[in-house]
Every structure is written in structure tokens, then in C-alpha cells.
Amino acid sequence: MPPIVPASLASAFEGVAPAFTAREFRDAMGQFATGVVVISTEVDGDAHAMTANAFMSGSLEPPLVLVSVACTARMHDKIRAAGQFGVSVLAQHQLQVSSHFAGRPVDGFAPEFDRLQGLPVIRGAAVHVAAALEHAYPCGDHTLYVGRVLALRGQAEKPPPLLYHGGRYAAAQPMAC
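Just so you know, this note's numbering puts 29 at position 29 of the sequence shown, and the rest follows in order with no gaps.
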């Protein structure tokens with residue numbers, strides 16, 4: 001059987017409405033638990049950051065990471081302009097940091113930045129990653145940014161992660177094996 005050519009497959013479904021709503025799709029995808037990160041960069045001396053959960057490692061050799069950013073997000077064009085980005089993997093105790101960069105700041109709370117490879121990263125995060133932008137792939141209403149990891153730093157005590165599941169924050173519970 002010949003392989004399916006992605007372009008022909010995509011054109012076969014062009015104009016066909018899915019049998020579910022955007023909300024149903026979002027709710028279904030929300031059943032996949034993720035970690036929570038803050039994506040950051042700097043443009044013209046100003047730090048910019050946003051909360052995200054669409055983050056993954058893409059390759060070990062070379063070390064690559066991917067982040068998915070909505071085309072409507074302010075961060076979208078900032079990553080392109082800077083040509084680099086930081087990722088801070090949030091620890092469970094950093095719920096306020098996540099809320100702040102998700103557009104829900106808490107009165108009297110101001111997240112603090114550290115620096116990694118010249119990029120702003122969130123102080124106290126479980127892991128910091130600094131990446132140079134390698135690729136940007138359109139993906140519907142988002143762009144997948146692929147970054148080559150230039151530097152990383154983790155905490156020795158490995159704090160528990162901040163998780164997101166079903167539209168709300170969650171905590172990991174150790175399981176007995």
C-alpha cells in the first residue's frame with residue numbers, strides 16, 4: 001500500500017466540519033494532564049512572559065524543545081522578534097506565578113526573574129531552559145516554536161511539579177507500585 005501523502009489527506013478533509021465543537025475538543029484535550037511552564041523572552045530590554053502547558057522536549061540529539069503559542073497571544077511575535085526564548089518549569093508552590101502570567105495577577109504579588117544565557121526565567125522554578133529559535137511551524141490557530149537548548153538549570157531538591165488537568169491546577173500524588 002502506498003504511503004499517505006499528508007497534503008492529499010489534508011485536502012480530503014478541507015471544508016469538512018468536525019463532529020464536535022471547539023469547546024468539546026478543548027475539554028477532551030484537558031483530560032491530558034500536563035506540567036505548567038512560563039515561556040519568556042526579552043525584546044528591546046523588556047522581559048515578556050506567558051503561562052503555557054503546551055511544551056515538550058522534541059529531541060535529545062540535538063537538544064530541542066517545542067512550545068505552542070496562539071497566534072493571537074502577545075508572546076507570539078515577541079519570540080520571533082527575539083529569536084530566542086526561555087522556559088521555566090513551574091513547581092507546585094508557584095501557582096501565583098502561573099496565574100500572574102496567565103492574565104490573572106494577584107494583588108501585591110510580583111514574580112521575580114533570574115537570568116539564564118541572558119534570558120529572563122522565573123526565580124524558583126523547578127527547571128530553567130534557554131533556547132535559540134530554530135523553527136516556527138504554523139499549526140492552525142497556533143505556531144509551534146522549536147528551540148535548540150543552549151543552557152538548562154534544575155534545582156537539586158527537585159520540587160513537585162505544578163500540574164494542569166481538566167481546566168484546573170492539580171498536584172501529583174505518589175503512587176505505590
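Don't read these hints as lab results, they were simulated from the structure. If you're wondering where the values come from, they're calculated on a predicted model, not measured in any experiment. Watch out, some of these pointers could steer you wrong.
[As the list claims (entries may be wrong)] Here are the computed lysine to any residue pairs in the SDA-like style, where the Cα-Cα straight-line distance is at most 25 Å:
1) K158 / F55
2) K158 / A176
3) K158 / F109
4) K158 / E112
5) K158 / A170
6) K158 / H100
7) K158 / S57
8) K158 / R115
9) K158 / H142
10) K158 / A82
11) K158 / R168
12) K158 / A28
13) K158 / A171
14) K158 / L66
15) K158 / L116
16) K158 / A33
17) K158 / R80
18) K158 / A172
19) K158 / T143
20) K158 / Q173
21) K158 / G140
22) K158 / M56
23) K158 / R74
24) K158 / H76
25) K158 / G83
26) K158 / G35
27) K158 / F32
28) K158 / L64
29) K158 / P174
30) K158 / T34
31) K158 / D107
32) K158 / V127
33) K158 / H93
34) K158 / E14
35) K158 / N53
36) K158 / R123
37) K158 / A70
38) K158 / G45
Here is how each hint holds up against the structure:
A C-alpha spacing of about 19 Å is found between K158 and F55, which places the hinted pair at or below 25 Å, so the restraint holds. Pair hint K158 plus A176 holds up; C-alpha atoms about 19 Å apart against a cutoff of 25 Å. A threshold of 25 Å between alpha carbons decides the hint, and for K158 with F109 the separation of about 24 Å falls inside it, so the pair holds. Taking the CA atoms of K158 and E112, the gap is near 20 Å; set against the 25 Å cutoff, the hint holds.
The suggested pairing of K158 with A170 holds, with an alpha-carbon distance near 17 Å, which does not exceed 25 Å. At most 25 Å may separate the alpha-carbon atoms for a hinted pair to count; K158 and H100 meet this at roughly 23 Å. For the suggested pair K158 and S57, the alpha carbons sit about 18 Å apart, so the restraint of at most 25 Å is met. Only pairs whose Cα atoms come within 25 Å are accepted, and K158 paired with R115 is accepted, the gap being roughly 19 Å.
For a cut-off of 25 Å, the pair hint linking K158 to H142 is broken: about 31 Å separates their Cα positions. Restraint check for K158 and A82: not satisfied, since their Cα atoms lie roughly 30 Å apart, outside the 25 Å limit. Annotation: proposed proximity of K158 to R168 holds, straight-line Cα distance about 23 Å (limit 25 Å). About 30 Å separates the Cα atoms of K158 and A28, which puts this hinted pair outside 25 Å; it is violated.
Restraint check: the Cα-Cα separation between K158 and A171 comes to about 14 Å, which is no more than 25 Å; the hinted pair holds. Taking the CA atoms of K158 and L66, the gap is near 22 Å; set against the 25 Å cutoff, the hint holds. Of the pairs offered as hints, the one joining K158 and L116 holds, with about 18 Å between alpha carbons and a cut-off of 25 Å not exceeded. About 19 Å separates the Cα atoms of K158 and A33, which keeps this hinted pair within 25 Å; it holds.
For the hint pairing K158 with R80, the CA-to-CA distance comes to about 31 Å; that exceeds 25 Å, so the pair is violated. Taking the CA atoms of K158 and A172, the gap is near 13 Å; set against the 25 Å cutoff, the hint holds. For the proposed pair K158 and T143, the alpha carbon gap of about 30 Å is over 25 Å, so the pair is violated. Of the supplied pair hints, the one linking K158 and Q173 holds, its CA atoms being roughly 15 Å apart against a limit of 25 Å.
Our distance criterion of 25 Å between C-alpha atoms is broken by K158 and G140, whose separation comes to about 35 Å. For the hint pairing K158 with M56, the CA-to-CA distance comes to about 18 Å; that is within 25 Å, so the pair holds. A distance of roughly 31 Å separates the Cα atoms of K158 and R74; the hinted pair therefore is violated under the 25 Å criterion. Only pairs whose Cα atoms come within 25 Å are accepted, and K158 paired with H76 is rejected, the gap being roughly 30 Å.
For the proposed pair K158 and G83, the alpha carbon gap of about 29 Å is over 25 Å, so the pair is violated. Annotation: proposed proximity of K158 to G35 holds, straight-line Cα distance about 14 Å (limit 25 Å). Restraint check: the Cα-Cα separation between K158 and F32 comes to about 23 Å, which is no more than 25 Å; the hinted pair holds. A distance of roughly 22 Å separates the Cα atoms of K158 and L64; the hinted pair therefore holds under the 25 Å criterion.
Restraint check: the Cα-Cα separation between K158 and P174 comes to about 14 Å, which is no more than 25 Å; the hinted pair holds. Note on K158 and T34: the hinted pairing holds, with a Cα-Cα distance of about 17 Å set against a maximum of 25 Å. As the CA atoms of K158 and D107 are separated by approximately 29 Å, the hinted pair breaks the 25 Å bound. Restraint check: the Cα-Cα separation between K158 and V127 comes to about 9 Å, which is no more than 25 Å; the hinted pair holds.
A hinted pair counts as satisfied when its Cα atoms are at most 25 Å apart, and K158 with H93 qualifies at roughly 12 Å. For the hint pairing K158 with E14, the CA-to-CA distance comes to about 46 Å; that exceeds 25 Å, so the pair is violated. The suggested pairing of K158 with N53 holds, with an alpha-carbon distance near 19 Å, which does not exceed 25 Å. For the hint linking K158 to R123, the alpha-carbon distance of about 14 Å falls within 25 Å, and the restraint holds.
The straight-line distance between the Cα atoms of K158 and A70 is roughly 30 Å, outside the 25 Å bound, and the hint therefore fails. For a cut-off of 25 Å, the pair hint linking K158 to G45 is broken: about 31 Å separates their Cα positions.
Violated hints, in rising order: 9, 10, 12, 17, 19, 21, 23, 24, 25, 31, 34, 37 and 38; the structure is consistent with all others.
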